[in-house]
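Could you build the full structure based on these sequences and the hints that come with them?
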Amino acid sequence: MTSEFIVPTTEDGIVSSDLLDMSVTVLKTLSDPARLQMLWALSMEDLSLSDLAQLIGVSPTVASQLLSKLRAAGVLQTRKSGRHVIYSMHDERSREFIRQTLDFARHRLDLQDKHQPADHERP
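Residue numbers (numbering that gives the first Met the number 0): 0 to 122.
Some clues are possibly wrong.
[To be verified] Straight-line C-alpha distance at most 20 Å; calculated EDC-like pairs for lysine to aspartate or glutamate:
1) Lys-68 / Asp-90
2) Lys-68 / Asp-31
3) Lys-79 / Asp-90
4) Lys-79 / Asp-31
5) Lys-27 / Asp-17
6) Lys-27 / Glu-95
Because the hints were derived from the structure by calculation, they are not lab data.
Predicted model only: the values in this text are computed from it and were never measured.
Below, the structure is given as structure tokens:
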């Protein structure tokens, strides 16, 4: 069985500390529902601060703070369009990772639902 993913390991077969540290950074970035919602939206299209704030139902100030954390994590890039700053994800692989993350979560929910007894089966 082969995997399409190749994870570099050290001579003793463990993952390097640099790769583990980056993985933790990525996962922490995704750990906030509002940030993940923003990333989901940005995986579909580039958006302004006001569009993102409206989409996730927060003030522009809160949206700006969330976006700041995403930019600091190196997930987003910006460009000016008139008076607006437009946010976008760096590359297609980042966009695909967000989509796969949410698809995996949906898969886990489906499995959870299959293992839950129906209401009429509960004691």
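Do the hints match the structure? See the list:
no.: 1; hint: Lys-68 / Asp-90; result: holds (18 Å)
no.: 2; hint: Lys-68 / Asp-31; result: holds (11 Å)
no.: 3; hint: Lys-79 / Asp-90; result: holds (18 Å)
no.: 4; hint: Lys-79 / Asp-31; result: violated (26 Å)
no.: 5; hint: Lys-27 / Asp-17; result: holds (15 Å)
no.: 6; hint: Lys-27 / Glu-95; result: holds (18 Å)
Checked against the numbered hints listed earlier, the structure breaks hint 4 alone; every other hint is satisfied.
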